[in-house]
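Protein sequence lines correspond, in order, to chains A and B.
With the working numbering, letter number 233 in the first sequence gets 233, and the count goes up by one each step, no holes.
With the working numbering, letter number 375 in the second sequence gets 375, and the count goes up by one each step, no holes.
Rather than coming from a laboratory, the hints here were simulated on the basis of the structure.
Some hints could be false.
Just so you know, same-sequence chains aren't split out, so a pair can sit in one copy or run between any two.
[As the list claims (entries may be wrong)] Heads up, simulated BS3-like pairs for lysine-lysine below, C-alpha to C-alpha not over 25 Å straight-line:
id, residue 1, residue 2
1, K51, K62
2, K62, K306
3, K303, K317
4, K6, K93
5, K51, K293
2 protein chains.
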Amino acid sequence: MIAPEKFFSGIGKRLKASEVRELLKWVKRGGIISFGGGMPDPKTFPVEEMKEIFSDIFSDRKLGEEALQYGTTEGYNPLRETILKMLRKSGFKILEDIENIVITTGSQQALDLIAKVFIDPGDVVIVEAPTYLAALNAFSYFQPNFEVVPLDKDGMRVDLLEEKLESLRKEGKRVKFIYTVPTAQNPAGTTMPNDRRKKLVDLAYEYDTIIVEDNPYGYLIFDDRVKFDYLGAFDDEGRVIYMSSFSKILSPGFRLGFIAGHREFIRKLILAKQAADLCTPSLTQMAANEFLKRGYLERHVEKIKKVYKEKKEAMIKALETYMPEGSDWTNPVGGMFIWVTVEGVDTTDMARRALERGVAYVHGRAFYPENAKELGKNAMRLNFSYPTIEQIEEGIKRLSEVVKEFRGH
Amino acid sequence: MIAPEKFFSGIGKRLKASEVRELLKWVKRGGIISFGGGMPDPKTFPVEEMKEIFSDIFSDRKLGEEALQYGTTEGYNPLRETILKMLRKSGFKILEDIENIVITTGSQQALDLIAKVFIDPGDVVIVEAPTYLAALNAFSYFQPNFEVVPLDKDGMRVDLLEEKLESLRKEGKRVKFIYTVPTAQNPAGTTMPNDRRKKLVDLAYEYDTIIVEDNPYGYLIFDDRVKFDYLGAFDDEGRVIYMSSFSKILSPGFRLGFIAGHREFIRKLILAKQAADLCTPSLTQMAANEFLKRGYLERHVEKIKKVYKEKKEAMIKALETYMPEGSDWTNPVGGMFIWVTVEGVDTTDMARRALERGVAYVHGRAFYPENAKELGKNAMRLNFSYPTIEQIEEGIKRLSEVVKEFRGH
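With the hints as constraints, model all of the structure from the sequences given.
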């Protein structure tokens, strides 16, 4: 057999299996309660509704043929229309028509296309600390210089962002974009209030940069008192590139995401998508559009919110009951994750012990770029959407025992 | 509004709408017979079978949940198993298990991942002249130096490939890979006989390079006398990276492709896919696997072959009847395209005239890299799978009139 190494490109050589992925392989061996993944609860999936919708599509020869044929790269127009209406209703200002929207193969593809279209090696990209792991992954192939801005319980510290932007300007460095998950953040579970959102957009104006707003969890806010607008509601200039997904409100298996923004940005992203996969399947786009048009989404989202609220509360209660002194955690108003910090514990070192004791999490360092990993050394991300309530209680109990034991070590 | 241009990366700036895409927009205006696209005949789509299969999936709560959940990046294992068996039956030597296979979101994603994992700027990539347009497109973002090897009626001139490899070796240049569509080639419609295939693999050994064998049309050989093996059948060393797709034999809308090869190559391609779209939808993978398992593919492929054979024969007959002296064309044994050359006619210049007269094709230059476009100046690609037989007859008649008129001009 040949020696494969010498054939790889620079990017090819840099591709490494993530530690997280390796850790999660353990989970499959059974007996382990996993807070490690980011999967929705499959019990909430609308299987009955999908049976009805797919049957309707394939019962109509013309629709069936359309579903099986190539679609356009930019996406299925009726779905683009539906999304446009939803976003305009949410107050997005600059969206004129469907040319402001491209459908992507999951929001992961949106991240990949954004990286391709915007990042040159060495470009400054600002991310939250911590930030979404798979965004770091997608951006990294294009070799940006990551700068980080810490979070507090209200999300990105925009005061520190301003300092960062100012000091970068003094160094003569332009910022390509600021990547943020302002709502029910992954991994930290934080949600930015409106004053911070407005300030964030103002800073993009002032420092002549753009913002990538990633919003997979905006529909999963289970505390009804919490009100906020999307960043696009503060933007008159086309500086916000908004991306979201049907993964958390309908089906992650559909791989349906979308990007909305300035039409020139969208035009380039469509061209990049053409080379990436030609088009996203029409079939799943048609099914998602029917799901929305038939009014199933509202009912379905209420159901998910109810389930996730119960699970979150169970996890908070278990953390309060079992975790030792010196532990702290966020209390999210939505989404799927709680961020836990434990003084004096290196969560990377502890991860294997935790697996041996039958509980998995993702260690904090995974959510920081290379130059800032130490900020995450005492932290871990816990997912509450996938495990059952019984598993949450038992898993937190095991985790707290591991923490105590590991500290005593 | 902001000025978007300054935010784009080098790749972003290089992304341009293709002329072909612009031309094909005309087609939508109606009244035009299009030989320009590459779409299957939707009348052949297995809509009834899909209705049955999707209904079965969603009637089983457990299967339905699996179909809607995240899948693994490498693909749905039962489908990988099915593909493995098919490829081993076809004589692929180095494939041991499903770790040699990754499912992709259409073969376009396979091209994109291969480009990412293998091509550094300046790397030499050898392509056929002419070659598949979308492969040039996907590879180009990573800025290879393309070298071309001409085709004759039996596909790639492997004697000229040998000369090319030898002269590149003398210049001290390594070849990253050779990209070939050996069977029912797009755009030329040619199929390589086995002696050339063997020679091609031998040359990869001798010059220590690898081959990307793109095979979307291998199942659509409508001349039963034609026998050949895939390149993998001649390869003991893992030098052949094979890619294919369900687009032409089941549904392009499913966006289901796959890559098979050396497990270290596949491992890297899986990592690249993780950043590109996390996974391909489980739903369509499950449906495709059921389609194969239920034995529907054989019956379905026979149906497509019959339809395409009739259409190809209609197009050949129309070309023979109408085209003027100095025209020549390939007579493919499979696939979806005929390659026509017309002496003394610049097909790029003629394209607009043809559209005005109600017929569309893709001009030859589109199928050559920048440094070799002039080789295609007298050529055009005609698709026969999508138009009806009546449209084929009328369209070729119109085309021949345009050629005569344009020559007289």
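Outcome of the hint check:
For the identical chains of this complex, K51 and K62 are neighbours both inside a copy (19 Å) and across copies (13 Å), given an alpha-carbon limit of 25 Å. When the C-alpha separation of K62 and K306 is checked against a cutoff of 25 Å, the pair qualifies only between copies, where the shortest distance is 22 Å, while the shortest distance within a copy is 39 Å. When the C-alpha separation of K303 and K317 is checked against a cutoff of 25 Å, the pair qualifies only within one copy, where the shortest distance is 21 Å, while the shortest distance between copies is 62 Å. In this assembly of identical chains, the alpha carbons of K6 and K93 lie at most 25 Å apart only when taken from different copies (22 Å versus 50 Å within one copy).
For the homomeric pair K51 and K293, the shortest alpha-carbon distances inside one copy (16 Å) and between copies (21 Å) are both at most 25 Å.
Of the numbered hints listed earlier, not one is contradicted by the structure.
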